[in-house]
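2 protein chains.
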Amino acid sequence: MPAACQSLETHLGHTWRERHLLTQALTHRSHGADNNERLEYLGDGVLNCVVGLMLYQHFPDLPEGRLSRLRANLVNQDSLHEIARELDLGRYLRLGEGELKSGGASRPSILADALESLFGAAFLDGGFEAARAMIEGLFSERINAINPTVQGKDAKTRLQEWLQSRHHGLPRYTLIDTSGQAHAQTFHVECHIAALKITTMGQGCNRKTAEQVAATAAMAQLEGKKITTKSVPAANKAQPA
Amino acid sequence: MPAACQSLETHLGHTWRERHLLTQALTHRSHGADNNERLEYLGDGVLNCVVGLMLYQHFPDLPEGRLSRLRANLVNQDSLHEIARELDLGRYLRLGEGELKSGGASRPSILADALESLFGAAFLDGGFEAARAMIEGLFSERINAINPTVQGKDAKTRLQEWLQSRHHGLPRYTLIDTSGQAHAQTFHVECHIAALKITTMGQGCNRKTAEQVAATAAMAQLEGKKITTKSVPAANKAQPA
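Chains as they are written, first to last, in this note's numbering: chain A, 1 to 241; chain B, 1001 to 1241.
Looking at chain A on its own, in the form it has when it is part of the complex (with noise of 0.2 Å):
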């Protein structure tokens, strides 16, 4: 039996008119035909909605394809997983019995999803101001403590910046092979940093999104990170001339 909502409701600043409302948005479809999936499709528009127009106004000087970045980030499934851990919202799902057995109150997606749902459920019963208030209680923090000076920058800029900040030349970027059939290629991309030698490969559906994979490969080689993109460490290919 979930848990009564009251406490929810105070963390997200919204007490429901309509109750029913709120129990269908926290209510997961192994529950049964009355659940949540259409709010949280309501809740998806509204949440980038209202989060872009918070970047939009936070940092005035960003270009769109920045400020889509970051929004990308803020609105995704681990993002909304934490907040709704914060919100301890495991606790007020209700989901089918076998769901439930398996963890599925602490499982990301559904937890990410209910979130969504929330803020759909808001929308329809506070309208749009309603919504925005707790989207924006829930994402001011997370908005102030960007730092855009590093965050939201594509690897390939991220990738020149750290290079020229150090002195090293510019990485070369070189299609080696295309594989597939015309209109689904794919594209393999070397990035080589001559003076570090390093040498990274990417994969992608087109060239740029090749580039940027490689690019990626070498930042996390860099920064010296795990490598879990797409991407042939350098130890393993022959360095070019």
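Derived by calculation from the structure, the hints in this document are not laboratory data.
The reader is advised that the hints may include incorrect statements.
[As the list claims (entries may be wrong)] Straight-line alpha carbon distances no greater than 35 Å define the calculated DSBU-like cross-link-like pairs of lysine-lysine that follow:
hint, chain 1, residue 1, chain 2, residue 2
1, B, LYS1197, B, LYS1156
2, A, LYS208, B, LYS1156
3, B, LYS1156, B, LYS1101
4, A, LYS197, A, LYS153
5, B, LYS1156, A, LYS101
6, A, LYS208, B, LYS1208
7, B, LYS1153, A, LYS208
8, B, LYS1153, B, LYS1208
9, B, LYS1101, A, LYS156
10, B, LYS1197, B, LYS1208
11, A, LYS101, A, LYS156
12, A, LYS208, A, LYS197
13, B, LYS1153, B, LYS1101
14, A, LYS101, B, LYS1208
15, A, LYS208, B, LYS1101
16, B, LYS1208, A, LYS156
17, B, LYS1156, A, LYS153
18, A, LYS101, B, LYS1153
19, A, LYS153, A, LYS208
20, A, LYS153, B, LYS1101
21, A, LYS156, A, LYS208
Using the hints, position chain B against chain A.
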């Protein structure tokens, strides 16, 4: 010199108090620094939010996947370009000289982006309700015209329903090949409709996408449309045993 904006504002149903926002929304990046790129980012968010709400309310029984696809069709470049042409938006644009000479005022991407920018500029000027009224005015007829028994369904569902309604057997999807390295594979799937001796191919970054592409190609053959997807017409393939 762009046309005066009174007529445009009448059609949009909003008179800007902050006139510079209207000017900025109509200024392409080719014209200079104070252009509409940030407003377009903002407008994209409010457009998705409002159209999302309109569809949610108009189709109380559609699942969220269908709503998402309907929304994607309504807010894509083709649709926005069409609305922009109806508004004669090209007359009001401020473009750089080169862009002007090369026909930028009728380029679909420039027109679609400017329309989104106007939504963003209305959002800043008059708040959410002003943007909502504008978007509702432009999209409500389009939403009323949607036939939910057809639109927003994915290709496999449409193909299955088409075949069932004619008492044919279901299509068979077979994974024929995968190509590319791990993490960047391309899947090649065949869709075969035995009763009609139709075979199409689809490619995609996963099996599900490849099946949808193959189903789209099959639907196109059945409806006698020109095939524009990544498909191989059946005539080019040996018929399976």
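Checking against the hints above, which ones are violated?
-> Violated hints (numbers, rising): 3, 11, 13 and 17; every other hint is consistent with the structure.
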